[in-house]
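Position chain B relative to chain A; hints supplied.
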Amino acid sequence: MKLLSKPSWQLPESAVTEEQVFVSRRALVKGLGLALAWPGLSPMQAWAAKFGSELTPSKEELVTSYNNFYEFSTDKGEVRPLAQGVQLGPWELEIGGLVEKPLRLDTQKLAQLFGEEERIYRFRCVEAWAAVVPWRGVGLKKLVEMARPLSGAKYVRFVAHMDPKVMPGLASGHFPWPYSEGLRIDEATHELAFLATGIYGKPLPTQNGAPVRLVVPWKYGFKSIKSIRSIEFTATQPRTLWNDVGPAEYGFYANVNPEVDHPRWSQATEKLLGSWVQRQPTRLFNGYGEQVASLYQGLDLKRNY
Amino acid sequence: MNLGLLVLLLLAPLVRTVWIATQVGLGANPLERLIHLFGSAALFVLVFLLCLPIVTRLAKGNKFLQDWTRRRRLIGLSALAYGTVHLGLYGLDQWWSPKFWANLGRPFVWTGFVSWVIFLALGLTSNQISRVRLKKNWQRLHRLVWLCVPLLVVHLTLKEEGALALALWWFGPLAALWLTERTLKLRRTRREAESLGH
Chain A
1 MKLLSKPSWQ LPESAVTEEQ VFVSRRALVK GLGLALAWPG LSPMQAWAAK
51 FGSELTPSKE ELVTSYNNFY EFSTDKGEVR PLAQGVQLGP WELEIGGLVE
101 KPLRLDTQKL AQLFGEEERI YRFRCVEAWA AVVPWRGVGL KKLVEMARPL
151 SGAKYVRFVA HMDPKVMPGL ASGHFPWPYS EGLRIDEATH ELAFLATGIY
201 GKPLPTQNGA PVRLVVPWKY GFKSIKSIRS IEFTATQPRT LWNDVGPAEY
251 GFYANVNPEV DHPRWSQATE KLLGSWVQRQ PTRLFNGYGE QVASLYQGLD
301 LKRNY
Chain B
1 MNLGLLVLLL LAPLVRTVWI ATQVGLGANP LERLIHLFGS AALFVLVFLL
51 CLPIVTRLAK GNKFLQDWTR RRRLIGLSAL AYGTVHLGLY GLDQWWSPKF
101 WANLGRPFVW TGFVSWVIFL ALGLTSNQIS RVRLKKNWQR LHRLVWLCVP
151 LLVVHLTLKE EGALALALWW FGPLAALWLT ERTLKLRRTR REAESLGH
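Protein chains in written order, with full-length UniProt numbering: chain A, 1 to 305; chain B, 1 to 198.
Chain A with its partners taken away, still in its complex shape (with noise of 0.2 Å):
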């Protein structure tokens, strides 16, 4: 049985898994005039009175044909033709460190253990592409809770899956693999952070991080680590591939904001996949600023990239 629990800000995916009512919402509520009787987009109507904005997902084959995942290539359009065939997971996903209760939870048993939710959040590549994409998974702060981190954890690793058999990417000298994220304690509970399984009401393709990867939607993808072997609370903040890779480029924190270049490219506009050259402003925190922001009260946003 699938459990399903509703945040007020959460949109039932039987709203979302037809793209095409979906993307044509705003025609039908127009037409018939039916904004606030239509009941079917009511909690959509509600996402939106909460972030501010209406997210049409990009297009699947986008999501899904354009991939970082430099373990099979740093060619994004090689992603898929590589992963092709590849599956990865299922697996027992280990959560250790510093918790009262380490767990090995059976990846395929997370929607059943902490319930099933559907969102859509904006996805901000730091290479200043964007993307709208519905992910379907587990809020990360239920796993948290439930590993019950002792008060000297301030910091959650998360270390992905590594078989060079199947990841001709790993070859690569020039990374320290396993591909290795982190994110703050607060950050790690804050409810928009995530754990996808699948997107587009599908399972996660591996291109896209199967069987489980992090969604972290106010910080550039890099964050969102693909296909999460372990999870581990620390003391100290763990190092992470990209910063000891770019420690110039790449920051721990990462959050999306647009007044801070990376020393390539300026971070102050974004381009939504599928557009050619249009681009759009970028937001702090990806638009997330109104849930996000208290947690970076008092730090200097330029100096903590």
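FYI, nobody ran anything at the bench for these hints, they're computed from the structure. Remember, it's a predicted structure, so these values are computed and weren't measured experimentally. Where a beta carbon is used, it is the ideal one built from N, C-alpha and C, also for glycine. A portion of the hints provided could be inaccurate.
What the hints assert, rightly or not - Looking from chain B toward chain A, a few residues come up when the C-beta cut is under 7 Å (computed):
| id | residue |
| --- | --- |
| 1 | A28 |
| 2 | P30 |
| 3 | L31 |
| 4 | W96 |
| 5 | S97 |
| 6 | K99 |
| 7 | F108 |
| 8 | T111 |
| 9 | A163 |
Stated by the list, open to error - Pairs of lysine-lysine residues, derived as DSS-like cross-links and limited to a Cα-Cα distance of at most 30 Å, are as follows:
| id | chain 1 | residue 1 | chain 2 | residue 2 |
| --- | --- | --- | --- | --- |
| 10 | B | K99 | B | K136 |
| 11 | A | K202 | A | K109 |
| 12 | A | K59 | B | K159 |
| 13 | A | K142 | A | K101 |
| 14 | A | K165 | B | K159 |
| 15 | B | K185 | B | K63 |
| 16 | B | K135 | B | K63 |
| 17 | A | K141 | A | K165 |
| 18 | A | K59 | B | K135 |
| 19 | A | K154 | A | K59 |
| 20 | A | K302 | B | K60 |
| 21 | A | K142 | A | K202 |
| 22 | B | K99 | A | K302 |
| 23 | A | K141 | A | K154 |
| 24 | B | K159 | B | K99 |
Said to hold, decoys possible - What follows is a list of derived Cβ distance ranges for each label pair:
| id | chain 1 | residue 1 | chain 2 | residue 2 | range |
| --- | --- | --- | --- | --- | --- |
| 25 | A | G246 | B | L104 | 20 to 26 Å |
| 26 | A | D244 | B | G4 | 47 to 53 Å |
| 27 | A | L150 | B | W19 | 55 to 61 Å |
| 28 | A | Q297 | B | A176 | 16 to 22 Å |
Here is chain B on its own, set in the frame of chain A:
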């Protein structure tokens, strides 16, 4: 026949790009893909241009290669053409960005841009009139083409997050040829010195 083959070779990257754009598809970020395709095209022709005289010297007296070496102007202008499209598409991509001009200050960008400026200068002075007018300075000016190599190695390495692999892929063959020629020369001078000693 020689010229025909050369033109085919110089057009190959364009044909590949057109084929990808029309048959395979440019993907989710089409302009970025085109920028990369034209950047690769420019590199392909540039590396060919720089390798050609060395290969010709190594293959002593090969008429075919000698003929191509004499047509370096065409090769250089082709590299300039691909590079200009690469830069032009990048400019188009960034045009609506409020940081358009600030981009020129980024090492990733200016290393590529300066390489293009060098090539533009060489292209503009590649005609016979400039050659006659500039006299000895023409040689000096055209040696600047070698400055593009370190600039583009930096450009490619920055693109690859500090990894040298892509720069090696493009400029490795050139380095190998250069080293081969050096080694052979060194051996020859040694042998000559030895035979003189006897």
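Cross-check of the supplied hints:
Proximity of A28 of chain B to chain A holds as hinted, the smallest CB-CB distance being about 4 Å (cut-off 7 Å). At its closest, the beta carbon of P30 of chain B sits 6 Å from a beta carbon of chain A; the interface hint therefore holds under the 7 Å criterion. Proximity of L31 of chain B to chain A holds as hinted, the smallest CB-CB distance being about 5 Å (cut-off 7 Å). At its closest, the beta carbon of W96 of chain B sits 5 Å from a beta carbon of chain A; the interface hint therefore holds under the 7 Å criterion.
Contact between S97 of chain B and chain A, as hinted, is supported at the beta carbon level, the nearest pair being about 5 Å apart and thus within 7 Å. Proximity of K99 of chain B to chain A holds as hinted, the smallest CB-CB distance being about 4 Å (cut-off 7 Å). At a threshold of 7 Å, the smallest CB-CB gap from F108 of chain B to chain A is about 4 Å, leaving the interface hint in force. With a cut of 7 Å, the hint placing T111 of chain B at the interface with chain A is violated, because the nearest CB-to-CB distance is about 11 Å.
Taken as an interface hint, A163 of chain B checks out: its beta carbon lies about 4 Å from the nearest beta carbon of chain A, inside 7 Å. Simply put, K99 of chain B and K136 of chain B have alpha-carbon atoms about 41 Å apart, too far for the 30 Å limit, and the pair is violated. Straight-line distance between C-alpha atoms of K202 of chain A and K109 of chain A comes to about 16 Å, which keeps the hinted pair within the 30 Å bound. This hinted pair checks out: K59 of chain A and K159 of chain B have alpha carbons roughly 28 Å apart, not beyond 30 Å.
Simply put, K142 of chain A and K101 of chain A have alpha-carbon atoms about 14 Å apart, close enough for the 30 Å limit, and the pair holds. Among the hinted pairs, K165 of chain A with K159 of chain B is consistent with the structure: their alpha-carbon atoms are about 27 Å apart, no more than 30 Å. Restraint check for K185 of chain B and K63 of chain B: satisfied, since their Cα atoms lie roughly 22 Å apart, inside the 30 Å limit. Between K135 of chain B and K63 of chain B the alpha-carbon distance is near 28 Å, which keeps this suggested pair within the 30 Å criterion.
Distance hint between K141 of chain A and K165 of chain A is unfulfilled; the C-alpha atoms sit about 33 Å from each other, more than 30 Å. Between K59 of chain A and K135 of chain B, the direct Cα distance comes to roughly 60 Å. Violation of the 30 Å bound is thereby established for this hinted pair. Annotation: proposed proximity of K154 of chain A to K59 of chain A is violated, straight-line Cα distance about 38 Å (limit 30 Å). Under the criterion of a C-alpha separation no larger than 30 Å, the hint pairing K302 of chain A with K60 of chain B is inconsistent with the structure, at around 60 Å.
Between K142 of chain A and K202 of chain A, the direct Cα distance comes to roughly 22 Å. Compliance with the 30 Å bound is thereby established for this hinted pair. Distance hint between K99 of chain B and K302 of chain A is fulfilled; the C-alpha atoms sit about 17 Å from each other, no more than 30 Å. A C-alpha spacing of about 14 Å is found between K141 of chain A and K154 of chain A, which places the hinted pair at or below 30 Å, so the restraint holds. Between the alpha carbons of K159 of chain B and K99 of chain B the distance comes to roughly 19 Å, so the proposed pair stays at or under 30 Å and holds.
Our hint of 20 to 26 Å for G246 of chain A and L104 of chain B holds, since their Cβ atoms are close to 21 Å apart. Checked against the given bound of 47 to 53 Å, the beta carbons of D244 of chain A and G4 of chain B, roughly 51 Å apart, stay inside it. Our hint of 55 to 61 Å for L150 of chain A and W19 of chain B holds, since their Cβ atoms are close to 59 Å apart. Taken as a hint, the range 16 to 22 Å is violated for the pair Q297 of chain A and A176 of chain B, whose Cβ atoms sit roughly 57 Å apart.
Of the hints listed earlier, those the structure fails to meet are numbers 8, 10, 17, 18, 19, 20, 28, in rising order.
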